[in-house]
Amino acid sequence: MASSSFNVPLIKHDLFISFRGEIRTSFLCHLIKRLRDDGIISFFVDEENLGAGDEISSALLQAIEESSISLVIFSKDYASSRWCMEELVKIFECKEQYQRTLVPVFYNVDPSHVRHQKQTFEEAFDVHTEKYRENMAKVQNWRSALRKAADLSGIHYPSTFIRNEVELIEKIIEVVNEKLPPICPNKSKGVVGIDEQVKSIESLLAKMEPNDVGILGIWGMGGIGKTTIAQVIFNKYSSQYEGCCFLKNVREESERHGLDYLYEQLFSQLLKKQNLLVKGSANAISAIYERRLSQKEVLIVLDDVDTSDILDYLTGEQTCLAPASRVIVTTRDKQILIAARAHGIYEVKRLSFKSSLELFCIKAFNKIYPENGYEKLSQMAVNYANGIPLALKVLGSFLCSKSAVVWKNALKKLQSCPDKRIFNVLKLSYDGLDDSDKSIFLDIACFFKGECKDNVIRFLDSCSFYADVGIDNLESKALITISYNRIQMHDLIQQMGWEVVRQESNKDPTELTRINKPEDFHNLLKNSKGKNLVEGIMIDLSQIGDLNLNADTFKNMPQLRFLKFYAPRDEKQLNVYIPIPSESFSARLKYLEWNSYPLNSLSSMFCVEQLVELRMPNSQISKLWDGTQELPNLIVLYLYGCNKLVELPDFSKATKLKTIDLWNCEKLCQLHPSILSIQTLEDLYLTGCSKLKCVKSNFKSLKTFYAYNCLSLEKFAVSSEKLSDLDISLWRIKSLPNEICSFFSLEYLCLSNCRKLIDLPRNIKAQSRLRALDVSGCSSLQSIPELPPSIEELYAVDCTSLETIFNLKAVFSLNRRKISFANCVRLEQESVNDIMEDAHLTIFRNVLLLSADPDQMINYYYYHKMLGCVCYPGYKVPKWFGCETRGASIIIELHQPYYELLGFFFCCVISQNLPSYYFEELDLVNIKCEYRHFGDGVKDTFVSKNLNFVSKRRCCCDHVLIWTDPFGSENILGEIERCRLRGGSDDDDSTCNQKMSFRFSIDRPKRGKRVQIRRENDEDCFIKGCGVIPMYASTLLDAIQNLELEFNLKPHHNPIPGINLDEVRSMMIRKSKGKSKLH
1 MASSSFNVPL
11 IKHDLFISFR
21 GEIRTSFLCH
31 LIKRLRDDGI
41 ISFFVDEENL
51 GAGDEISSAL
61 LQAIEESSIS
71 LVIFSKDYAS
81 SRWCMEELVK
91 IFECKEQYQR
101 TLVPVFYNVD
111 PSHVRHQKQT
121 FEEAFDVHTE
131 KYRENMAKVQ
141 NWRSALRKAA
151 DLSGIHYPST
161 FIRNEVELIE
171 KIIEVVNEKL
181 PPICPNKSKG
191 VVGIDEQVKS
201 IESLLAKMEP
211 NDVGILGIWG
221 MGGIGKTTIA
231 QVIFNKYSSQ
241 YEGCCFLKNV
251 REESERHGLD
261 YLYEQLFSQL
271 LKKQNLLVKG
281 SANAISAIYE
291 RRLSQKEVLI
301 VLDDVDTSDI
311 LDYLTGEQTC
321 LAPASRVIVT
331 TRDKQILIAA
341 RAHGIYEVKR
351 LSFKSSLELF
361 CIKAFNKIYP
371 ENGYEKLSQM
381 AVNYANGIPL
391 ALKVLGSFLC
401 SKSAVVWKNA
411 LKKLQSCPDK
421 RIFNVLKLSY
431 DGLDDSDKSI
441 FLDIACFFKG
451 ECKDNVIRFL
461 DSCSFYADVG
471 IDNLESKALI
481 TISYNRIQMH
491 DLIQQMGWEV
501 VRQESNKDPT
511 ELTRINKPED
521 FHNLLKNSKG
531 KNLVEGIMID
541 LSQIGDLNLN
551 ADTFKNMPQL
561 RFLKFYAPRD
571 EKQLNVYIPI
581 PSESFSARLK
591 YLEWNSYPLN
601 SLSSMFCVEQ
611 LVELRMPNSQ
621 ISKLWDGTQE
631 LPNLIVLYLY
641 GCNKLVELPD
651 FSKATKLKTI
661 DLWNCEKLCQ
671 LHPSILSIQT
681 LEDLYLTGCS
691 KLKCVKSNFK
701 SLKTFYAYNC
711 LSLEKFAVSS
721 EKLSDLDISL
731 WRIKSLPNEI
741 CSFFSLEYLC
751 LSNCRKLIDL
761 PRNIKAQSRL
771 RALDVSGCSS
781 LQSIPELPPS
791 IEELYAVDCT
801 SLETIFNLKA
811 VFSLNRRKIS
821 FANCVRLEQE
831 SVNDIMEDAH
841 LTIFRNVLLL
851 SADPDQMINY
861 YYYHKMLGCV
871 CYPGYKVPKW
881 FGCETRGASI
891 IIELHQPYYE
901 LLGFFFCCVI
911 SQNLPSYYFE
921 ELDLVNIKCE
931 YRHFGDGVKD
941 TFVSKNLNFV
951 SKRRCCCDHV
961 LIWTDPFGSE
971 NILGEIERCR
981 LRGGSDDDDS
991 TCNQKMSFRF
1001 SIDRPKRGKR
1011 VQIRRENDED
1021 CFIKGCGVIP
1031 MYASTLLDAI
1041 QNLELEFNLK
1051 PHHNPIPGIN
1061 LDEVRSMMIR
1071 KSKGKSKLH
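For the sequence shown, UniProt numbering assigns the number 1 to the initial residue and increments by one for each residue that follows.
FYI, nobody ran anything at the bench for these hints, they're computed from the structure.
Quick reminder that beta carbons are idealized off the backbone N, C-alpha and C, glycines included.
Hints may contain errors.
Keeping only pairs whose Cα atoms sit at most 25 Å apart, straight-line, the calculated DSS-like set for lysine-lysine is [claimed, not checked]:
| hint | residue 1 | residue 2 |
| --- | --- | --- |
| 1 | Lys564 | Lys453 |
| 2 | Lys995 | Lys879 |
| 3 | Lys248 | Lys296 |
| 4 | Lys438 | Lys412 |
| 5 | Lys76 | Lys12 |
| 6 | Lys408 | Lys420 |
| 7 | Lys700 | Lys734 |
| 8 | Lys564 | Lys526 |
| 9 | Lys207 | Lys179 |
| 10 | Lys131 | Lys95 |
| 11 | Lys529 | Lys517 |
| 12 | Lys939 | Lys879 |
| 13 | Lys354 | Lys945 |
| 14 | Lys644 | Lys667 |
Derived DEER-like restraints, expressed as beta-carbon distance ranges [claimed, not checked]:
| hint | residue 1 | residue 2 | range |
| --- | --- | --- | --- |
| 15 | Trp625 | Glu451 | 36 to 44 Å |
| 16 | Glu451 | Ser745 | 23 to 31 Å |
| 17 | Thr307 | Cys400 | 47 to 55 Å |
| 18 | Thr941 | Arg826 | 36 to 44 Å |
| 19 | Asp434 | Arg36 | 45 to 53 Å |
| 20 | Ile11 | Glu475 | 58 to 66 Å |
| 21 | Asp312 | Glu174 | 31 to 39 Å |
| 22 | Cys29 | His116 | 47 to 55 Å |
| 23 | Thr941 | Ser542 | 30 to 38 Å |
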């Protein structure tokens, strides 16, 4: 068992060398010189010549205790020295008590002679036995130490791969550097939570061609830890190169001293020459230096690069670097790396909450957890920093030793006034933008965070900002990210943008160009001097109270481009008062959104020529305006929830109109004929237009048509070659209209609650692009015909008459990810059997998808794509699960090494006694899983959300729910890894034959809070059975082979979109052999 950390001697030496004097003046001299040349200067070599009978000195024993590694050089006469043997025994004591490292070197000796004390070792022990016959325990300790040393993996000389002493010394240097702990700052100095990121970078380096000059980019926003990670990599691997250089603050140093100064520093460090002078430009560097450099493999880190000049010189066509050299570049600008043709680009990730809390506490409390009474305050600080190490360090250092009152006030102040040090670091990226990109950045920071990229580009283009180029620049400089076509921005960067707007107004709240806070809007209304400057206003009306506006409120805002008054959807009463319709909006207005607009129409004098989007949700309007307006730029018309709207104006001059949303316009009886003739229209939403009687048109561009709950619709004749999404739920039809079967671009078809629908057309299988079909609530539907191979999601919930599902076992099963047959109580057993078999393939498909793109596991938007789920009537876990049990708990055994684990399959049998009130508000079930690794007993939980156990009715029978959860699997794998490390094991096989327990329960959110459904004293009473399967790389390889045989797949054929089976196979082969290492 490891000793308490309080009793472990501090490490003062990297290396202790134990040797016999016979090699002191020969091999050892060369080794010591090489160690010093490579920067390993902290080592201990006994320089004393102990005489016969002398005791080994206490200083020597202490040096062994204080050394990270002991290098034991077994030469022919090693065992003849009593002091060498005492050293060896002490080295093993330190290895066992303090987890020190021992590296044996067998120098011109056979390890078996050491192990069994043969030849010179036997002769030496004959002497020891005779000399210490009264203390044979000491001699036995020496023998035992030799046996243990010989059993360790060591360095053998001579050998096949080490033929001379030069190669031996190089091997010793390599092994010592590999065993040494990183000399970068440890946790106590503020390096926390970057191990996985370092491994990812090592993987990229390992993939580089050995004969290339490899360039690796470490990219990310300011303060995210790029330099720290680069320093860790540099410290770990610099000794493997003939020259190394870490140039810090390249941007700042080049601005201060020029590039020539940087070249001097670079070549001085690489060539190990002090005061190397480089006159003129880089091209004037002496040819002799370039020639010498071209013969050395070097490692270079260029930190905080903002131009490509130095990269062009080092890595261009006329590079002066030798093959196999590596250049690591940290930058905020991805485009620099792309232009330099970097072989790999790694985007630095934010720290997890756990690592963030550790780092913050190290700075605030000098330990990795908060002081009593500071837990919630620490959490607030960590949430504010949102995973950015710079912010965590700055806040932790500032709050260190401060009272709780100071903490509260400081954290409150940060919400409106950012820390100057954090702000200055982040603003450097903004300062490097041109004027157009600065405007784009400020618009996004103030108005568009989290919005759809296409919508943002549409608005910015209307403002002549060249949005595509600008957004690409912002993304390259790590100021924004694009995730599933939505623009995201870190909270601290957004706050930096707000502060820039404030500073540009000379800190005068009445002269802001962009307003998104209620107090600033009130200031604007009270003071007229800043109105001519304001370009955009976005206000949450629910936060502003009663608001009285005059007809000329916006009269003196000539620069106004953007106006948005919004409110939460569940906000019922918004008190905004306007005496008459406003005629005074800016002619430059591009975007107008006004939730709950209080008047019955807009003024006909309102200039809408520049308007691109008009959004008036939940408003009191009965009409928009009288007559025909010039609408040459209007693209979006959004009138959701305008339940007093009775007529629409003429849109014949809206030649660019693409989207019309009339959702829940309950009093609208007809569409203006001009709408039905708009050839640019792509999206038409009529859901809830319950009085609408006729929709007839041959649209040219229509892609989306939603007519859910159009109960009065008598005439329907809509056609479009491009129609992809169609929702005609709650229609009173017995069969699908013929027109629908001719929509060959259809991807999503919703027929839910068409209670009279008896069957689906046989030719539905010809809909080759159909990905999702929803027939839930079609209570008269008796069978589902063969569906097209493209189907990914199939929902047939509450189809209480459904008996047969045709041809479910076809190869297209591999495309599916979500299937639900909840409450389909009349299903024939053969169909149920097919569903069970199909479930295996459906879940397997999701593991394949995850294996093909493992980095996406942490992406929130990817979660729903990755979440595979199958639900069907049943009362037991399928046999193919293997690991199953009755009840809500199960214990499984991990049979393979940790590095082979990919994730887990889960299964629960849900009782029919699930209360009916559960379905009053939600259609989806959340299942909570509590898991525990038996290695150390630590429990953790995750919740699989939005599983498609969909039914608004009471459960008519028990149901089987099978699913994969990428986040859940990631959490479990992380806990296994942490448990392995907590146990002090660096052996990847250490998880073999270890056990884990799982416990499941129903969990769901209700009115913003999570509420568990449970009987008294029986929290998991609705789980009647469960199963868990660990998925390994080797298992996946076998499954791929069986898949190819079963479906007769040809080589390089990929039956699942987005998955390359050959790439997955190669990846799994590497994973099953263990972790790859940097060479």
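Checklist line | Structure versus earlier hints, numbers of those that do not hold, lowest first | finding: 4, 5, 7, 10, 12, 15, 17, 20, 22
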